[in-house]
Amino acid sequence: MADNGANPLRRPLPDGIVPEDEITRTEDRWFIVVLGMLGVMMAIIVATGTTHALHPPSNVETIDPITLHLGGEFAESNLGAAAEPDGSVTVRMIVEQYSFVPDCVQVPADTPVTFRITSPDVIHGFLLPGTNVNTMVVPGYVAEVRTTFSRPGDYAMPCNEFCSYGHHGMWARVKVAPRDQFPDLSPVERTSCAKQ
Amino acid sequence: MSTDPSGQQASANGTTERHISAAATREHVAAPIDADTAAASLSHGPRGALLLAGISVGLLFIGWLLFYFVLFMPRGPVG
Amino acid sequence: MQNSSRLALYHFWVAFGLFLPAVVLGAWQMLMRSPLPAPLDDTNAYYASVTLHGTVMAYVVTTFFAMGFGYAVTATSLGRPVRGVVAAWIGFAICLVGAVMAAVIVLLGRATVLYTFYPPLLASPWYYFGALLLIGGSMIWVVLMIYNMSAWKRDNPGQPVPLAMFAITATAILWAWAASGVEVELLFVLIPQALGMTAQIDAALGRTLFTVTLHAIVYFWLMPAYIAFYTLVPQAAGGRLYSDAAGRLTFIMFIVFSVPVGLHHLFQDPEIGSGFKFLQSFLTFFVALPTLLTVFSLCASLEIAGRARGGRGLLGWIGALPVARADDSGSGDVAGDARSRWFRRAHQYELRHGQHGSQYGVGDSAFPSDLGRRRHDHVLRDCLRNLAAHHRQAAAVQGARALAALAVVRGHHDRHHTLAYRRGDGYAAARRRLRLQRSVHCPDGSAGHHLSHRRPDRADVCDPANCHPRTLAAWRKDAHSAASLCARGEPA
Numbered sequence: 001m002a003d004n005g006a007n008p009l010r011r012p013l014p015d016g017i018v019p020e021d022e023i024t025r026t027e028d029r030w031f032i033v034v035l036g037m038l039g040v041m042m043a044i045i046v047a048t049g050t051t052h053a054l055h056p057p058s059n060v061e062t063i064d065p066i067t068l069h070l071g072g073e074f075a076e077s078n079l080g081a082a083a084e085p086d087g088s089v090t091v092r093m094i095v096e097q098y099s100f101v102p103d104c105v106q107v108p109a110d111t112p113v114t115f116r117i118t119s120p121d122v123i124h125g126f127l128l129p130g131t132n133v134n135t136m137v138v139p140g141y142v143a144e145v146r147t148t149f150s151r152p153g154d155y156a157m158p159c160n161e162f163c164s165y166g167h168h169g170m171w172a173r174v175k176v177a178p179r180d181q182f183p184d185l186s187p188v189e190r191t192s193c194a195k196q
Numbered sequence: 001m002s003t004d005p006s007g008q009q010a011s012a013n014g015t016t017e018r019h020i021s022a023a024a025t026r027e028h029v030a031a032p033i034d035a036d037t038a039a040a041s042l043s044h045g046p047r048g049a050l051l052l053a054g055i056s057v058g059l060l061f062i063g064w065l066l067f068y069f070v071l072f073m074p075r076g077p078v079g
Numbered sequence: 001m002q003n004s005s006r007l008a009l010y011h012f013w014v015a016f017g018l019f020l021p022a023v024v025l026g027a028w029q030m031l032m033r034s035p036l037p038a039p040l041d042d043t044n045a046y047y048a049s050v051t052l053h054g055t056v057m058a059y060v061v062t063t064f065f066a067m068g069f070g071y072a073v074t075a076t077s078l079g080r081p082v083r084g085v086v087a088a089w090i091g092f093a094i095c096l097v098g099a100v101m102a103a104v105i106v107l108l109g110r111a112t113v114l115y116t117f118y119p120p121l122l123a124s125p126w127y128y129f130g131a132l133l134l135i136g137g138s139m140i141w142v143v144l145m146i147y148n149m150s151a152w153k154r155d156n157p158g159q160p161v162p163l164a165m166f167a168i169t170a171t172a173i174l175w176a177w178a179a180s181g182v183e184v185e186l187l188f189v190l191i192p193q194a195l196g197m198t199a200q201i202d203a204a205l206g207r208t209l210f211t212v213t214l215h216a217i218v219y220f221w222l223m224p225a226y227i228a229f230y231t232l233v234p235q236a237a238g239g240r241l242y243s244d245a246a247g248r249l250t251f252i253m254f255i256v257f258s259v260p261v262g263l264h265h266l267f268q269d270p271e272i273g274s275g276f277k278f279l280q281s282f283l284t285f286f287v288a289l290p291t292l293l294t295v296f297s298l299c300a301s302l303e304i305a306g307r308a309r310g311g312r313g314l315l316g317w318i319g320a321l322p323v324a325r326a327d328d329s330g331s332g333d334v335a336g337d338a339r340s341r342w343f344r345r346a347h348q349y350e351l352r353h354g355q356h357g358s359q360y361g362v363g364d365s366a367f368p369s370d371l372g373r374r375r376h377d378h379v380l381r382d383c384l385r386n387l388a389a390h391h392r393q394a395a396a397v398q399g400a401r402a403l404a405a406l407a408v409v410r411g412h413h414d415r416h417h418t419l420a421y422r423r424g425d426g427y428a429a430a431r432r433r434l435r436l437q438r439s440v441h442c443p444d445g446s447a448g449h450h451l452s453h454r455r456p457d458r459a460d461v462c463d464p465a466n467c468h469p470r471t472l473a474a475w476r477k478d479a480h481s482a483a484s485l486c487a488r489g490e491p492a
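If you're matching them up, the sequences are chains A, B and C in order.
Numbers 1 to 196, taken from the numbering used here, label the letters of the first sequence in order.
Numbers 1 to 79, taken from the numbering used here, label the letters of the second sequence in order.
Numbers 1 to 492, taken from the numbering used here, label the letters of the third sequence in order.
This is chain A alone, in the form it adopts within the complex (with noise of 0.2 angstroms):
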């Protein structure tokens, strides 16, 4: 191993060693194998995707972070749960530094809720543990997540996503009551738990 010659990172590696036939025959099988199996991984993906309503939320909506809370969608008398005529429910809420508003919502079990959220300042998240409700809040754009909870209970909400020094104090609740629980709401109704 002394040799000039005989470093190993710099003498070309020597042929034979295994039949050339017999290394494309082992490592085309095993390219096989791997595929076969990344191709399944990506096949359940597409398919419970479309069975299961199972998605990245990709509702791409831009809107203006300085002007939002003074009028329009994002108005403060605007936010909370709201009502749609089919009958699911629309959540709208604002997450800024270091808040969420309101910050307390109530929502129906068994019924399609739609959240949209967007932030005036600096990036958050938005995450229910324990389901699948997790999207970044990003300030120019409106964050869309729709989800139906199967049952009910109360869901601790944190901030997910750094946003300065009061970041870990950043908390909500996601109340989820029975269907028949929910109040009946008009239209321009909007309900939430916050305390007043």
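Keep in mind that the hints were calculated from the coordinates and are not lab data.
For each residue, glycine too, the CB sits at the ideal point set by N, CA and C.
Fair warning: there could be bad hints in the mix.
As the list claims (entries may be wrong) - Per the computed footprint, the stretches of chain A lying under chain C, defined by three or more beta-carbons under 8 angstroms from a beta-carbon of chain C, are: (1) 40-48; (2) 57-63; (3) 134-148.
As the list claims (entries may be wrong) - Sample of chain B residues facing chain C (criterion: CB under 7 angstroms; computed from the structure): (4) S41; (5) L42; (6) S43; (7) P46; (8) G48; (9) A49; (10) L51; (11) L52; (12) A53.
With the hints as your guide, set chains B and C onto chain A.
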């Protein structure tokens, strides 16, 4: 019995320098095998490697399936 | 070479020198998050620590290590000093200045934005300039890797570039692409805002640009390890890389597949639509391919080493790998340690040996003390075969199929009586004979055994299958005479 770890290396521009590489000392590198031993050892193909790699990749695949079907899907729809 | 190794070492010193304080920071962060009391209990300090820990670990340690590793690989695999050493030192200085700038400003609490920058959070411009110097300075390293590889190719036309050099150049190219994302973000999104040149910052643009870096950088971190898997691990195990072509293909695949997959960090983001998210998901599966290929290549390379060392069975070769020490030889304990013994053939030993010119010297201490009780004719055979093979290669023997095997047969009354014969076929067999004989001529003054080669008598050249009894007898006679000759010399 002493080993001689240093070797003279001639670089392309003609100067020689003493190059001591850890790869050249016995203590750091196992005794090399020759080409025929290597070929003989794999005369039936790399079955052990296929088994070992197959087991580890298989565990990975099973782990992925478990996470997807047991953790992710039961958490409800999202879109 | 001295300059090249100093270059690599200085990079490693910076990398590991900063690694330790960053680990301490991480431990402190754990204390802060836990119910246990922590010194310096301050929330702002916590986030500053997270920023410094992340910046140092993700940018400084990794970049400096990769650069040092690249210079080391260049020098050792190409067998000549790194070219462009002056530029390399300039790059080192630039990177170091950038790293220090960033670290100091974070310690001052004016850049608490975490290592992913999180626009629209804004840090002091010194932080961004520091990051720009660090990452931009490493582009000098990228250029040097490419330059060294092409210079070697020009000087060695027609020869394949050593795999390690090929791979580190692929790493450099990958890093050039990966770094472009964060460089553009720093130059056009963050620094203008930090300097007050723009009034509003596009956070989504900054994030999207950063994700170009965010995924590919992990391959930049990973590639030195993969290079070690492909070049150092087979060597340390004493085996061979299973397939050189697969290694090169893997590194090319890393470049190709890690280029477009950054957006999978934005699956939850509202600024990217479902089309791109699905495409990224699809491509991300492909970037798993080179890793999965590496798994197999590495196992196969280790299998070569394990089987050649006597491992048997579908998985038994794993135990035959030289895990405890690269070479098991030592004074007397040549049976190997107790653990590896389970899988080794009991009569297989490693030998400590050295090369003097064209001869191999085998140490006296290589023979176990209980050798007198052993009757195996093929003691030391496999290891001596390796010795002889290397010797044969050094002598540029033609004929890949020629196999030199040595069997050491112990005499019955004196463990130093050794015999060797060479079994071979082809051109090489007729021309050389390797012989193990006792000799008193050792450079360090102690007696040892030498492997020498000389032309055989015509009677010694025979069919290997039939050779054994007759040749051994002939050798035995020779050995007795040789041994008695040397016995007049120095004692063992």
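Outcome of the hint check:
1. 40-48: Check passed, 3 qualifying residues.
2. 57-63: Check passed, 5 qualifying residues.
3. 134-148: holds (count 11)
4. S41: Since chain C brings a Cβ to about 3 angstroms from S41/B, closer than 7 angstroms, the hint holds.
5. L42: Cβ of L42/B sits 6 angstroms from chain C, so the hint holds.
6. S43: 9 angstroms, violated
7. P46: 4 angstroms, holds
8. G48: 5 angstroms, holds
9. A49: 4 angstroms, holds
10. L51: For L51/B, the interface hint holds, since the closest Cβ of chain C sits about 6 angstroms away, which is under 7 angstroms.
11. L52: Where the cut-off is 7 angstroms and the nearest Cβ of chain C is about 5 angstroms from L52/B, the hint holds.
12. A53: With a closest approach of 4 angstroms, the A53/B hint holds.
In terms of the numbered hints stated before, the structure departs from hint 6 and from no other.
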